[in-house]
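Undergrad: Let's have the full structure, built from the sequences with the hints guiding it.
Protein chains: 4
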Amino acid sequence: MKAAILGATGYAGTEIFKILLNHPQVSELFIVSSTKSGEQLSDVFRMLQKNSLNEKTKSTAGKIISLEEALDLKPAVIFSALPHKSSAEACCRFVEKSLVIDLSADFRFKNKAYFETAYGFPHLELSKNAVYGLAEWASESIKACNLIANPGCYTTASLLPLLPLVKEKVIGNSIVINALSGISGAGKKPEEKYLFSECVENLTAYAPGMSHRHSYEILEQLENEGFKGKLLFNPHLVPVKRGIFAAITAELTKKQTSEDILSIYQKYYSNKPCITINKNAIPQTKDVWGSNCCAIGWHIEAAQIIVFSVIDNLIKGAAGQAVQNMNICLGFPETLGLNLNSLL
Amino acid sequence: MKAAILGATGYAGTEIFKILLNHPQVSELFIVSSTKSGEQLSDVFRMLQKNSLNEKTKSTAGKIISLEEALDLKPAVIFSALPHKSSAEACCRFVEKSLVIDLSADFRFKNKAYFETAYGFPHLELSKNAVYGLAEWASESIKACNLIANPGCYTTASLLPLLPLVKEKVIGNSIVINALSGISGAGKKPEEKYLFSECVENLTAYAPGMSHRHSYEILEQLENEGFKGKLLFNPHLVPVKRGIFAAITAELTKKQTSEDILSIYQKYYSNKPCITINKNAIPQTKDVWGSNCCAIGWHIEAAQIIVFSVIDNLIKGAAGQAVQNMNICLGFPETLGLNLNSLL
Amino acid sequence: MKAAILGATGYAGTEIFKILLNHPQVSELFIVSSTKSGEQLSDVFRMLQKNSLNEKTKSTAGKIISLEEALDLKPAVIFSALPHKSSAEACCRFVEKSLVIDLSADFRFKNKAYFETAYGFPHLELSKNAVYGLAEWASESIKACNLIANPGCYTTASLLPLLPLVKEKVIGNSIVINALSGISGAGKKPEEKYLFSECVENLTAYAPGMSHRHSYEILEQLENEGFKGKLLFNPHLVPVKRGIFAAITAELTKKQTSEDILSIYQKYYSNKPCITINKNAIPQTKDVWGSNCCAIGWHIEAAQIIVFSVIDNLIKGAAGQAVQNMNICLGFPETLGLNLNSLL
Amino acid sequence: MKAAILGATGYAGTEIFKILLNHPQVSELFIVSSTKSGEQLSDVFRMLQKNSLNEKTKSTAGKIISLEEALDLKPAVIFSALPHKSSAEACCRFVEKSLVIDLSADFRFKNKAYFETAYGFPHLELSKNAVYGLAEWASESIKACNLIANPGCYTTASLLPLLPLVKEKVIGNSIVINALSGISGAGKKPEEKYLFSECVENLTAYAPGMSHRHSYEILEQLENEGFKGKLLFNPHLVPVKRGIFAAITAELTKKQTSEDILSIYQKYYSNKPCITINKNAIPQTKDVWGSNCCAIGWHIEAAQIIVFSVIDNLIKGAAGQAVQNMNICLGFPETLGLNLNSLL
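Chains as they are written, first to last, in this note's numbering: chain A, 681 to 1024; chain B, 681 to 1024; chain C, 681 to 1024; chain D, 681 to 1024.
Calculated directly from the structure, the hints in this document are not laboratory data. Hints may be right or wrong, so weigh each one.
Given that identical chains are not distinguished, each listed pair holds provided it fits within a single copy or across any two copies.
Stated by the list, open to error - Straight-line Cα separation of at most 16 Å, EDC-like style, residue types lysine to aspartate or glutamate; simulated pairs:
1) 959 / 905
2) 910 / 981
3) 743 / 708
4) 910 / 931
5) 959 / 723
6) 868 / 931
7) 847 / 900
8) 682 / 708
9) 910 / 900
TA: See below:
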């Protein structure tokens, strides 16, 4: 099977590349870039061992190719890790002939108002055809689609622990999400505030309340499952490269024991290979660092619950979930080619 | 003036030592330890430049002394950075003759039930005489006392932004504090979970809800100012050495603009040299790293407020506030010998 | 095939465990510990996803077993990541029936004097039968042996770039190795100096000259290839979890261009899948973080050469090379089950 | 006394600013910038506590001023932390009327060839009048000059341990310097390679041999003291913000004990307040983090010596030494306003 990646030099794109190099169903791999076409992959991706590169990139002579060349090669699947807006433009050209998995936000929303508030440009028509690819919640629709909008990293870390509680109506109408993210979430573009010397030994928050774009993405999905309340989303920036840790607080609508909550999570996730339910422990990002797993834990204090979740923002929060979605859509085993153990 | 430090080899104790070496009112400095008495200070404190050591430790020939020797030397002030329980035992022996500033939790509580729930041993009689040394809130009582219970680090970071809002009754009866702490908060005792290789690239939380001892300390102080609601306190562990970042969410009891909140903070803190009010910016721990300042910011989202605060857990959260309390009690300028600029 | 691991809770041992969980030739995996036998693997190895654990540890019901139980189960291969001395004792009991791969230093030396100087206890008789498992240099003897002494991490990082130059007699009789190591090289035992708060923002060196045990191990191997000069080995401790960076300086015995050096490395390593030859770039540990590769670069300055090499100390410097050695000995493809791309 | 700073927004410039805010002899402080003139200091330097800012910047209403305004204000001393070339241009305009301390490389060289090889533009005439401000070695000429070329960070860390050994002719004609630097050495300009996510968990070297500009600066100063041999300088980049650790190896010209070396260092440095001689310990950067000290240690192995030194690259390697030079030149106590204890 042929696969192509747009935007492979960013953090998420490089992770897709690394996963697909080891994926047994991908035999040919095209790296696509308008600005770098013609360059040798081994010059650009020094962390990738030459032998593994050569094997799957023979047909393009180990080179980066242009969008036009990629269209001609008719890949079965293309992944786009381009920035929003330019991602949609590129995806549109492939969507008739290939399975398109878009890691940008361009096709994530059905709610036009939310999209336009969050992103500041008009909602895209094609979004109607896209499936929101939260893998554990959309597997049936993923199987039948050719355009997958891969969820955001904060969104994945928030929705996976929240959706079962919302569906079972055990939490009230006010949710507060405090989430910590590693710096790779900000991408590879050089900005002063993401320099090592600016980030090390520093803790801060940014875009609080509903100021972060992911807050609307979270809200739309919660509302889809019946949530009618309000949300506060407080993202923090902390000095790690990878990892999201979310601590979510809400009122319980009725008395719940820790065992009750366990039952709810088991109902939704006991057969989900990428979800780890931590019965008696608070998860740590090092439990899932480099893996496609999300680990979930919780604590009940009187009538309130605190839910904890951890993911690797680049894997389950981006590249890994994208490949998981490909696996589901194309009928491969869900975790094929994905790592489920921590790499730290 | 003579000053003594018990427990100077821990992180907070060493910071007291460093501050007092530069404090113009301290002429003689005694480092007290039952296990290390007789050892050379310059062997134990390699990061302290020998000249500065020699000047103020001449009378003890640059050596660590025992508790008995310290009692004989009648210091005007003693600081205890010993663990709780053993701190109270040592402090009791000095309290008649010296100003005692205790950094442990032993004398922080008036509420017996809270203390005993949090610490698991009986409330101490002497606590009645102790002043809770949150410097910006207790300066009058500090001036008149001889036993100061120095607040906890999380407590300081939480109370300084919360007390004005509680006093002005602008926030409702449910407060959620999410706080991130550097690893030095766990002290210098070797434990596997605090090894560099266990902490780097890792994010986690611990002791959530009301499981952390500081939650009761926060609650007692909030209740003293009229708070009658419930509290959730979620401490996190993140890979920095120093710093606490707190994000506190609550309902507003009435409509408030950002300017209204600014007025409240100005009312309480405009003449407080260690409080920085950030009108339009979320604070970062690098703004106060190594300084005795607390910086406060806020965000209003509909009927809810998120308040942010940052301190250096070892300085404003421990050693710096202890010296600030000494300054207030002994009638020196409040910030004498204290650093107010970030050192990072 | 059955495989067993002694000392799996340490950093190197856990990496062996993770590699073997994904190794297609290992069907049953035994985790052996005298102190933890009977405990559930999923409690001890939280970063390992339960499904992957269950598959290969069914026969022991997902539990840690004792040494005696392991002997009864007759594994085809055992890996020991125990501390030296206790490792030899355990290995002796398996060596008749299993391939034994020892990650300790117990069997690494033929030179008795060097061993006894470095380790302070008598040289072990069984060392005579052991093959020094520097995989790229000993593949023929590895195929024919049943006891492999897996090299040290610093040693691997030093010998791989040095041996070709020594064999080709292009470098003189004085070698200076400056090597930087991540903190995981010190193991998981809690010691104050390896606490996060002690290591972060700190750079230092230790055991310089010939004070570090690995210096004798390096020297013995260099002498085996004809080196007759002197060595200085300066290990440094720097705040990363994983990685060794070595910068090695020596005089050239005759004029050499950069192309000449390239030819030498190509002669020895062009068919070695775990060696990356960097023609025009200084390697970085992030090129090999988490992989079993060693990347080599060099710079010529007048009559002197500086050679650079990088490895992941836990993979090519320990667990990965151990599995590579198993693969070679048992006739599997050399890199089977091993990761060759950076994971960072 | 009036002081001005050019280039105060960079790392070194900000440190000068912080030191001078606390310097008892500086009563007025001007921050000069062509691009930011008119901006409020409290907006640009958020880590600086407002009260301390106000006190010394009253005359400019707490604002950044232009170069022309600064010339009119006739500061007694100006510090330039501008990039080379633009620094020389600015310094020339002040040098008649003010003491000029230039932190760039523009005036560091007397050897034209070395300067032009290293910097690629013509040697500046004015360099003839400049004193090379290695404070411990040039105090007499500093007292008599009005233009000080402040040494580079690597240079300071290398020369302070080397010069006594070169002057006493105890080391041979081949010196190898391996030095590790924190990322702040690369400045604040955003570049991909200095992003947090690119630097964390990474170790590398760059500009080896004689490729780094500081290698010529070191060589010129060594030659001034009689060194006639060759130098290899290998700088490394490691994930800390601050700190340089240098490990320097050389042959001994005659047998030396560790005590002999101690005597040499005592001869040159026993009365130098910013030099710490570590008799039996390898220094660590955390011993001098944030301080103006250089700590020196050594190890003798047969006929070779390894010398270790540590500095804070932004303090003794830049801003601190600049203020030390001002103190010496203007007749203040050498360490006035400087911190000599570690701040970490």
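Undergrad: All the hints need checking, so say for each whether the structure fits it.
TA: Now for the hints, and whether the structure bears them out:
no. : hint      : in the structure
1   : 959 / 905 : neither (25 Å within a copy, 38 Å between copies)
2   : 910 / 981 : between (21 Å within a copy, 10 Å between copies)
3   : 743 / 708 : within (12 Å within a copy, 41 Å between copies)
4   : 910 / 931 : both (12 Å within a copy, 12 Å between copies)
5   : 959 / 723 : between (46 Å within a copy, 11 Å between copies)
6   : 868 / 931 : neither (38 Å within a copy, 37 Å between copies)
7   : 847 / 900 : within (14 Å within a copy, 37 Å between copies)
8   : 682 / 708 : within (5 Å within a copy, 35 Å between copies)
9   : 910 / 900 : within (11 Å within a copy, 30 Å between copies)
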